[in-house]
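J.: Read off the chains here:
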Amino acid sequence: MIAYLVRRIFAGLLTIWAASILSFIVIQLPPGDYVTAYIANLQSTGSVISAAEAQALRQQYGLDQPVYVQYFKWMGLMLQGNFGMAMEYNRPVREVIGDRLVLTMVVSIAAIVFIWGIALPIGIYSAVYKYSIGDYFFTFLAFLGIGIPNFMLALVILYVGFKYFHVQSIGGLFSQEYLSAPWSVAKFWDMVKHLPLPAVILGMAGIGELVRIMRANLLDELRKPYVVTARAKGLSLTRVILKYPVRAALNPFASTIGYIFPYVVSGSIIVSLVLSLPTVGPLLFKALIAQDLFLAGTILLLLAIMTVIGTLISDLILMWIDPRIRMGMEGSN
Amino acid sequence: MTDAVANIPPVVLPKSNAEDRISVATQWQLTWWRFRKHRMAMIAAVIILGFYIVILFAEFFAYSNPRISNEELSLLPPQPIHWFDEGKFSPYVHPVVGKRDPKTFKKVYKPDLETKARIVFWAEGFEYKLWGLIPSNRHLLGIEGLPPEESLFLIGTDLQGRDLFSRLMIATRTSLTIGLVGVVLSLFLGILLGGISGLYGGAVDDIIQRFIEIVRSIPTIPLWMGLAAAMPPTWPVTRMYFFITIIISLIGWTVMARVVRGRFLSLRTEDFVTAAELSGASQLRIIFRHMVPSFLSHIIAAATLAIPAMIISETSLSFLGLGLRAPAVSWGVLLQQAQNIQAVAISPWLMIPAIPVILAILAFNFLGDGLRDAADPYG
Numbered sequence: 053m054i055a056y057l058v059r060r061i062f063a064g065l066l067t068i069w070a071a072s073i074l075s076f077i078v079i080q081l082p083p084g085d086y087v088t089a090y091i092a093n094l095q096s097t098g099s100v101i102s103a104a105e106a107q108a109l110r111q112q113y114g115l116d117q118p119v120y121v122q123y124f125k126w127m128g129l130m131l132q133g134n135f136g137m138a139m140e141y142n143r144p145v146r147e148v149i150g151d152r153l154v155l156t157m158v159v160s161i162a163a164i165v166f167i168w169g170i171a172l173p174i175g176i177y178s179a180v181y182k183y184s185i186g187d188y189f190f191t192f193l194a195f196l197g198i199g200i201p202n203f204m205l206a207l208v209i210l211y212v213g214f215k216y217f218h219v220q221s222i223g224g225l226f227s228q229e230y231l232s233a234p235w236s237v238a239k240f241w242d243m244v245k246h247l248p249l250p251a252v253i254l255g256m257a258g259i260g261e262l263v264r265i266m267r268a269n270l271l272d273e274l275r276k277p278y279v280v281t282a283r284a285k286g287l288s289l290t291r292v293i294l295k296y297p298v299r300a301a302l303n304p305f306a307s308t309i310g311y312i313f314p315y316v317v318s319g320s321i322i323v324s325l326v327l328s329l330p331t332v333g334p335l336l337f338k339a340l341i342a343q344d345l346f347l348a349g350t351i352l353l354l355l356a357i358m359t360v361i362g363t364l365i366s367d368l369i370l371m372w373i374d375p376r377i378r379m380g381m382e383g384s385n
Numbered sequence: 073m074t075d076a077v078a079n080i081p082p083v084v085l086p087k088s089n090a091e092d093r094i095s096v097a098t099q100w101q102l103t104w105w106r107f108r109k110h111r112m113a114m115i116a117a118v119i120i121l122g123f124y125i126v127i128l129f130a131e132f133f134a135y136s137n138p139r140i141s142n143e144e145l146s147l148l149p150p151q152p153i154h155w156f157d158e159g160k161f162s163p164y165v166h167p168v169v170g171k172r173d174p175k176t177f178k179k180v181y182k183p184d185l186e187t188k189a190r191i192v193f194w195a196e197g198f199e200y201k202l203w204g205l206i207p208s209n210r211h212l213l214g215i216e217g218l219p220p221e222e223s224l225f226l227i228g229t230d231l232q233g234r235d236l237f238s239r240l241m242i243a244t245r246t247s248l249t250i251g252l253v254g255v256v257l258s259l260f261l262g263i264l265l266g267g268i269s270g271l272y273g274g275a276v277d278d279i280i281q282r283f284i285e286i287v288r289s290i291p292t293i294p295l296w297m298g299l300a301a302a303m304p305p306t307w308p309v310t311r312m313y314f315f316i317t318i319i320i321s322l323i324g325w326t327v328m329a330r331v332v333r334g335r336f337l338s339l340r341t342e343d344f345v346t347a348a349e350l351s352g353a354s355q356l357r358i359i360f361r362h363m364v365p366s367f368l369s370h371i372i373a374a375a376t377l378a379i380p381a382m383i384i385s386e387t388s389l390s391f392l393g394l395g396l397r398a399p400a401v402s403w404g405v406l407l408q409q410a411q412n413i414q415a416v417a418i419s420p421w422l423m424i425p426a427i428p429v430i431l432a433i434l435a436f437n438f439l440g441d442g443l444r445d446a447a448d449p450y451g
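Sequence lines, in order, name chains B and C. Our numbering numbers the first residue of the first sequence as 53 and each following residue consecutively. Our numbering numbers the first residue of the second sequence as 73 and each following residue consecutively.
Looking at chain C on its own, in the form it has when it is part of the complex:
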């Protein structure tokens, strides 16, 4: 019995294997292993990946032309898909017939239960240019033999009779890219000013820090409202888009600058920086070759955590009608129709665009959290 116990191979072996693995792993491998353990962050990463696919192929997922309005189909309720027909997988919808109620003059839509409109995949629809380059008319969904603009309404239509789902796809691209571009802008400002602040210290540091404090102690939303309202209504969509992005990134950079400054301050006294200095590396080389790589992961985490605030800002501004305006389609622009509580009470599906907003904000928060934990794989 005792012999048998003694013959069992020592249990420490697999552990030391793991230790070996850790000691030869690169920084990025360690970060990835650490990140993988954070389950919520992994789920969030998958969701964000889905959002990015929508960004890349928004027109493909949108089956109706998001700009074509049709008064006849105003405020049509969501149309459920029937996935199976007589036991076989063959998705179809019942076409909708609209009538005016003779008493209330309200438009009432009734599904025509007799006929079945078959849903086809990889269908032909409105023409678009993928990434502004490749002309195409392929869409994920379509209806056999009918233009989708008149037959398919997954989550209903808005006041102007435009298909909400298709508009939501385009809006996702607008709103999420505003967040991304805004983060890149504020990263640039943050690294520049935070870097100068942390590197030089002294009076420069003092001035920049006071400046950040001032920026942070002014209520931001009224200020943005003021700046955004000064935007002439005649501006084209793209210019409006960039102006809003710039306004929004005016907040993010202060947070970023603080993170960068803190890192610079703590790294400045590290041995490897001194070693690089002593071996005659130039200032720029020390910053970009030695210091930046060692806190890049922190920057990525901070940037991810800054995106939700940007999304909320854009959505709030556009919701108020001060951000992106009508021809542009963004989450906030879509939610603007949900502003009127009576309208929402009659057609609650107008609130559906809120779901991706909340989902995106939560996903970026969880992802940022996971990245922040993973950024310190030795901690």
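Excised from the complex, chain B in its bound form:
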């Protein structure tokens, strides 16, 4: 099991490393370097930067050196937690991002909890009552969930809220009075109350997919003779289904969490933009429009790191839930 853990952590580090190279490529893509862009940006707002200062900045980021040296320098700064300056805001990136990164994760996790909480019972229902009206209804909904891009869903919900319920702003994660308030229990509770809408919008596509996976798995499992035996021995229907086949069907279902997580984080960026959630989504978008690829690259890297950690944690939970994975790992090593 420890060997498995070490391997997972190693794979996670490898992913982070790959993500850092990709982020660095994004930063390097525009013509000129970070400092030229920074100077141009300062000039457009009226402030001037002296040649000596520019030189100092270049040296700090190692921009006068070959690309691979620049990469290592940048990585070194990143590792120290020095994320550089966000041009548009003229403030350190770290300050600009603030707790947005955490909020991104909160929204994503809420969506995943929602996906699981809904997809599981519906999947079981659809499999047990195969070809019933309910099954067709949910299958239809699942397909609709897959078919509607989540930013579209967000738009439609905003539109309906605006047109028929006369709500000016459905979006956001906090009520007006908590927007700039420091964290407190009340603020946290306010956020929890705002979470369901983005979670539902983000979760729709995921639910559609997971319902279908769960249904297929459980159908395979229900056909097996041990279910018939258990039933013949007089176990009640609920007990038979929930105790054995569902647990067996849960395994392939649970393993999907590994790729659901990056997928949801990815979707949260667009949904946040439409719903104006205080996540990194709008920040990333603004940075990209302003061609501040330094800030964008940093956000990209931090997002990737958070995703890797999230996936790792979900893997560990999975291992803890399912003895077969634990045993299997021990057996194979």
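Derived from the structure by calculation, the hints contain no laboratory data. Worth double-checking, as some hints may not be accurate.
Stated by the list, open to error - Far from chain C, some chain B residues (derived; all Cβ distances over 12 Å):
1) 120
2) 161
3) 281
4) 286
5) 292
6) 320
Claimed, not checked - Computed from the model, here is a short list of chain B residues facing chain C with C-beta under 7 Å:
7) 71
8) 72
9) 78
10) 214
Stated by the list, open to error - Residues of chain B clear of chain C, computed beta-carbon distances all greater than 12 Å:
11) 55
12) 187
13) 203
14) 264
15) 303
Because the structure is a prediction, the values reported are computed rather than measured. Ideal Cβ placement from N, Cα and C applies to all residues, glycine included.
Given chain B's structure and the hints, the job is docking chain C onto it.
T.: Same frame as chain B, now just chain C:
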């Protein structure tokens, strides 16, 4: 009575006929029979066929020049067609007159109920070149005696007064071909890398599999946003188009590579592959003559299922303004105007381009599902 029963021809006969039919049918026939049973997939296939017809003849279906803007006709609501006039089939529309509301300064359009503008089919309109070759000015619809740019607005106009329906036709071609080209690109990458992975196994397989895992665990949309934003705004539409296609196909290939690898692994130990090897067939011949045909149907199904993701990606990127940009017309570009909720509340028809998006995604999903089931006609 008992004799009568005995005289009834055995019921098994028609069934054995069917069995005969199955045993002599080719693989593709079996696949087709299986596919035909999947009703939703058949409906989806018809819808997709319709989409392809639009792709091929987009300019013919578009009656107005999609690039001509007219401030006078900005945000005009959809104009219903009246199909029958005095009991006879003779479609017409009421021409629209625009006025400014003296109080709100908002443009208000009112249909002129007195006059009827007749709709004609196979009408003359703006000049275009069909498939870039055949010059033509024929369009499906037109208005008798009037230029359609000023008289016909089936689903309204956008902010710049361009006819939304005509733009939607052109956008359909852009968005769907991006999906197709993207799938071809990712198929190429997927078959190449998945094939190498499945065929050679060992360390190469390990490296490629780890690489796929890494690609899959990075959130894709922010990455594409970064790559797409690096695209200089001065680029011409075609170059933008290909760049976006390449960016989008960077996801699809991992799924494809997994499917191909799995097939290669399971086929490698099959008897017919061993037989081909023993009779001295070259490696390339074994792959392309023996192995690929036996999993081609699976590849087609996987490719069909990959298209919706590509369509969603393009639409999302363009919707954000990071994908295809203004002179290009795609579903996402059209939906960009629906981004502002106040604008949508006043002119909800700006959301109409979402309908073909959803329809296409669902249709490709159902078609892919049907193909996947049909790909295993013996199962």
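J.: Hint by hint, which ones does the structure fall short of?
T.: 6, 8, 13, 14
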